[in-house]
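Sequences and hints are given; from them, build the entire structure.
Chains A and B supply the protein sequences, listed in that same order. Numbered by the working numbering, the letters in the first sequence go through residues 1 to 370 in order. Numbered by the working numbering, the letters in the second sequence go through residues 1001 to 1925 in order.
Rather than coming from a laboratory, the hints here were simulated on the basis of the structure. Each residue gets a CB set at the ideal place from its N, CA and C atoms; glycine is no exception. Don't take every hint at face value.
[Claimed, not checked] In the EDC-like style, the derived pairs of lysine to aspartate or glutamate whose C-alpha atoms are separated by at most 20 Å in a straight line are:
{"no.": "1", "chain 1": "B", "residue 1": "Lys1055", "chain 2": "A", "residue 2": "Glu67"}
{"no.": "2", "chain 1": "B", "residue 1": "Lys1148", "chain 2": "A", "residue 2": "Glu80"}
{"no.": "3", "chain 1": "B", "residue 1": "Lys1099", "chain 2": "A", "residue 2": "Glu67"}
{"no.": "4", "chain 1": "B", "residue 1": "Lys1064", "chain 2": "A", "residue 2": "Glu266"}
{"no.": "5", "chain 1": "B", "residue 1": "Lys1565", "chain 2": "B", "residue 2": "Glu1278"}
[What the hints assert, rightly or not] Distance windows between CB atoms, simulated:
{"no.": "6", "chain 1": "A", "residue 1": "Asn117", "chain 2": "B", "residue 2": "Lys1074", "range": "41 to 51 Å"}
{"no.": "7", "chain 1": "A", "residue 1": "His188", "chain 2": "B", "residue 2": "Arg1824", "range": "33 to 43 Å"}
{"no.": "8", "chain 1": "A", "residue 1": "Pro225", "chain 2": "B", "residue 2": "Asp1296", "range": "21 to 31 Å"}
{"no.": "9", "chain 1": "B", "residue 1": "Glu1208", "chain 2": "A", "residue 2": "Lys119", "range": "21 to 31 Å"}
{"no.": "10", "chain 1": "B", "residue 1": "Glu1167", "chain 2": "A", "residue 2": "His333", "range": "47 to 57 Å"}
{"no.": "11", "chain 1": "B", "residue 1": "Val1294", "chain 2": "A", "residue 2": "Asp291", "range": "42 to 52 Å"}
{"no.": "12", "chain 1": "A", "residue 1": "Asn117", "chain 2": "B", "residue 2": "Val1294", "range": "24 to 34 Å"}
{"no.": "13", "chain 1": "A", "residue 1": "Val12", "chain 2": "B", "residue 2": "Glu1208", "range": "18 to 28 Å"}
{"no.": "14", "chain 1": "A", "residue 1": "Thr216", "chain 2": "B", "residue 2": "Asp1049", "range": "46 to 56 Å"}
{"no.": "15", "chain 1": "B", "residue 1": "Val1294", "chain 2": "A", "residue 2": "Gln230", "range": "29 to 39 Å"}
{"no.": "16", "chain 1": "A", "residue 1": "Ser222", "chain 2": "B", "residue 2": "Leu1293", "range": "35 to 45 Å"}
{"no.": "17", "chain 1": "B", "residue 1": "Val1207", "chain 2": "A", "residue 2": "Val12", "range": "36 to 46 Å"}
{"no.": "18", "chain 1": "B", "residue 1": "Leu1249", "chain 2": "A", "residue 2": "Ser14", "range": "35 to 45 Å"}
{"no.": "19", "chain 1": "B", "residue 1": "Asn1826", "chain 2": "A", "residue 2": "Gln230", "range": "47 to 57 Å"}
[Claimed, not checked] A partial selection of chain B residues facing chain A, derived with a Cβ cut-off under 10 Å:
{"no.": "20", "residue": "Val1054"}
{"no.": "21", "residue": "Asp1100"}
{"no.": "22", "residue": "Pro1152"}
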Amino acid sequence: MAKTPIGLEPVVGSLASSKKREYRVTNRLQEGKRPLYAVVFNFIDSRYFNVFATVGGNRVTVYQCLEGGVIAVLQSYVDEDKDESFYTVSWACNVDGTPFVVAGGINGIIRVIDASNEKIHKSFVGHGDSINEIRTQPLKPSLIVSASKDESVRLWNVHSGICILIFAGAGGHRNEVLSVDFHPSDIHRIASCGMDNTVKIWSMKEFWTYVEKSFTWTDLPSKFPTKYVQFPVFLASVHSNYVDCNRWLGDFILSKSVDNEIVLWEPKMKEQSPGEGTADILQKYPVPECDIWFIKFSCDFHYNAAAIGNREGKIFVWELQSSPPVLIARLSHAQSKSPIRQTAMSFDGSTILSCCEDGTIWRWDAVPTN
Amino acid sequence: MAAKSSLSASVDRSEPPKDSSMTQIEENTSTVKEVLSVIDSLKKQVSADRSVSVKKRLEENRQKLGGITNLFYKLSNERRSNLISDADSVSDLLTKRQKDALGMQNGLDISNGDKDNHSYQEPSTAVLMGSSIPVKNAVRPIKLTEVKKLPPYTTWIFLDRNQRMTEDQSVVGRRRIYYDQSGGEALICSDSEEEVNEEDEEKRDFVESEDFILRMTIKEDGLSDPVLESLAQCLSRSPSEIKARYERLMKEEKDAGASQNGGIEAQNWNSFLEKDLEAALDSFDNLFCRRCLVFDCRLHGCSQDLIFPADKQPPWNHPDEENAPCGSHCYRSVLKSERNGTVSSQINTEEKSNSSSDGVTARMPSRKKSSGPSGRRKVKSCQSESASSTAKNLSGSSDSEIGPRLEGSSPIPQLSSSKNKIAGKSGIFKRNSKRVAERVLLCRRKRHKKMTASDSDSVVSGGVSPRDMKLRSNAQKENEDTKSFLQKNVKSPNTGRSRRKEWPLKEGVQGEVSEVPSSETINDLAWSNSNDGLRKEEFVDENLGKQELSDHKSWKAIEKGLFEKGVEIFGRNSCLIARNLLNGLKTCWEVFQYMTCSDNKVACHAADGFISLLEGYSKFDLNGTMGNNEVRRRSRFLRRRARVRRLKYTWKSAAYHSIRKRITERKDQPCRQYNPCGCQTACGKQCSCLLNGTCCEKYCGCPKSCKNRFRGCHCAKSQCRSRQCPCFAADRECDPDVCRNCWVSCGDGTGSLGVPPQSGDNYECRNMKLLLKQQQRVLLGRSDVSGWGAFLKNSVGKHEYLGEYTGELISHREADKRGKIYDRENSSFLFNLNDQFVLDAYRKGDKLKFANHSPDPNCYAKVIMVAGDHRVGIFAKERINAGEELFYDYRYEPDRAPAWARKPEASGTKKEDGAPSSGRAKKLA
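This is the structure:
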């Protein structure tokens, strides 16, 4: 990485905890022996704001957070293929609002589970290798996007089971895609990052008719004219190593590599030459002992805070939108020693869940201040 | 302070700091300190500004985002209400479970007191309170039926034809880490050598804040070396960089100020038309692939070396004068109408004046006589030619003037051919100026005959006059004669009026001249000017007059450029030029006028001497371009050749490629990459092709007679399918441009274009399948062996061409890098093509990349030269039935082949029959 020139230095957050909030472990579950790779709250449907899903091994489990630190198991799904190892899970819903749990993993098959009927809705076969992340479009929650080891990102319609777009090709990623995220307000835009150390922003504006078409498609999904988006609108080399998680924060992007920090930057596109541009690194959120890849952070509903686990089982909660960044809390527990692959923050950030390499789920609840 | 620093600056500049006295050093150190403090304070200011701006931007973003998340919240609430309204009846199991769980929790809470109340609850929906209860016991898991997964693949791009790797896709010089999924360890797949590459950073641009610090510091402390140095240190750049940047900033500031005053200069010019043709052609030269005849060729790349074949096509010979005007604005039709006017008026005047002496008809024979028998024949030819078309006489007027002059030294009576010699001849002209002058005089006379013979001579370009000027300087005496011969009628055709002047006969003219009627109209004002010894510029001005001025102004750069190209291509044919190159921009008549005017100019340049003559012609005339460009071009090729050769030496010394083995051929030599040579004559020892060990191809610059050329085959009945065919034997495809009997039939294959097929389909060349893309349909499916496989749709016979193995062309160095990673992933699509390139079908390729390896294959791959490029064809080794999977031998090295690829009898006998294999494993897709 080039040295940042004077005047463009990022504002780095201090690791001194502000103790704005205090969190305590209120529950700990051992789901199984296999590592848990993802945990996610349902932000799609306000009825289920306290419902979350985890994946690990060939199992997808749906839980509910109850008062007093209670975690109730609602549903559990097991892939018959024992070799399946789910890496990611996301909530989505049908056009009529039926809640879906969408999971993907090593087999490269996206499983769309109808949670209200407790059965598989559809399975998407198409990715040539394992799936590293699935995200849902918040404005149209029947659109999901998947990042895969096959170096492509695909846009699917869970309602009709159509693969609408493939973001790959000449300008695509040159190694596994590890993370992908929808822009919160610009429905045409996604950001993806991966093992080629780059973050790419893609636009599907020109292909939006296909997205619309996918909702009314009545023929076989395989007959749908899936389109390739070969060139991103922006390419940033913010990191010098694997980029394993990126999220939009408004028009800014939060991304992390294996450099013990989350970086907030603004993509500045050049108008004349699409695909090029510069990244203005605004802020950095240090996360010690976070130098292994496939550790993902999560935000609460309003993007006020982000929680990220590290290699040693500790969690750092950062206030995202203050400048300089404020470390809300540092969570640690004597028994939490295993690397935390992903965290999930509840709607208001009062509950933080972490899923660990050793197959445990930890629940942390904010201690009421008064 | 500023004064002090500027003082020290001046001292520093005047003498090196080493020699400066102690006081100066002290002064310097003190300034350095001051400068540093200034910089420091500026830095602080900048960073404070930065944090404020970040804060501001974050705040703005936060507010925007707040609105968005509130919308999300609304949406999520709507979803709930939607569902409640219409899903009351529908059993939503998730909601039910939720309620159950809640109920049970409540139940459990109460259960301490009242257990029986909730005893109906199933244990399967147990609430997990502690960590001790394993989940799987709690809820009965719902099974997701198995879905067969696809064999792994990486998203790839279909390639119709090979592509050269684009720069940014190189892994050389980049750090690649291979992550072993099963082993759980990361391996760094880059050499230390490449780490160094990473170090050298690209030049960084100055950002705004750096500019600010720079400007403010210099403003504060002046521009002195210590200031620059400390600035450089602070911004971690070199002092010279800082200085350059500062100067630029100052300039920009000035420019900004100037532009404010300057206002908006209306640039309403059509930017396209304003562009120079050179610039426009530049993109053509850079982007158009001469070998593939497409723009932006991905195989040969842009900015190819321009190679001009030595066998140049002769300039367009317009078929014998179709006199038909090319359109309503054709110069012919315009001229005709004008000529009618002028000629008749001329005749009238002549008739009037000649009433006393001679008639027009009487004048002609007398002149013929005077020309003498020596010039007879030529005059005749000229006559006949000019008689055949007055129009041609016109369009080639300047040529015809030059032409006869040359006739004396070289017997080239044809106007068009005489053009070619002008540049060279001018040298002779200089040497024997007098002789030439005489010759010219002679010719001029002949010409004069011709002009009179074709009674449309009244319209002649004025190009003659400058030559006369020259003549005058060379041979004053003859000049007198010549002048008097000349009958010129330079018109300003736009106005339709011509300046006419009665030309009184001079004293002391020769006999035949005296026969010229005194009333002859000579319309060239310039003529008299030149006679008076006026300078050329005036001549131009006068001669071309206003018409030219206004006309030439309206000709835009690109139009001029197009016109010049047009002259190169079509010769001096305004019809063709206007129609083909200036369609919609200029009419034929306008082109004609311009042509005539530029001729005049050329002639003027000629008067300036030979250098200017050369230049002028190189600009305006085909002759010039031929002669002059040849010199330039040759030098370019010499340069290029040198470069190629150097490359060649490095290969040799490196001996890198010599270890590469050809993969498909049973030879130890790898194929050599062909690069066209730029030889203008038959290739000698310097030829890059010869040095490189390749044959010359049709893309080379050398003439067809070059000994190093591959001559193609003459096969007729063998269909070029055996080694009898020289093309086939040399692993080349036949080329319809080169081979004698290998042609491509058009359209329906029955030999259309009126040519009947020689005797049925049988004579068709069978060695052009790659060129014609006559491939079999290949299907992609799950392999019976491993991963994906390629299958054949239709049955084919032995040695049938199945398809091309396409991919990215990468260098061997790149291939080694990629191979490291591919080998780890146990999936490689590398294919050694020749000494320069390896084909990689990993990301870009076609379906044949999925064909698996087999020690006992049914296909074979062969590197074939097709139109100068090496391509890989896959052929059937035996008869293959429809639906069979395709295999070929990847030629693994024995120790690198995967287990399933090895033959049971210890790495097969197959290897013996030649091919030391390429050394790169390629495994399943």
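Taking each numbered hint in turn, which are not upheld by the structure, reported in ascending numerical order? 1, 6, 9, 12, 15, 17, 19
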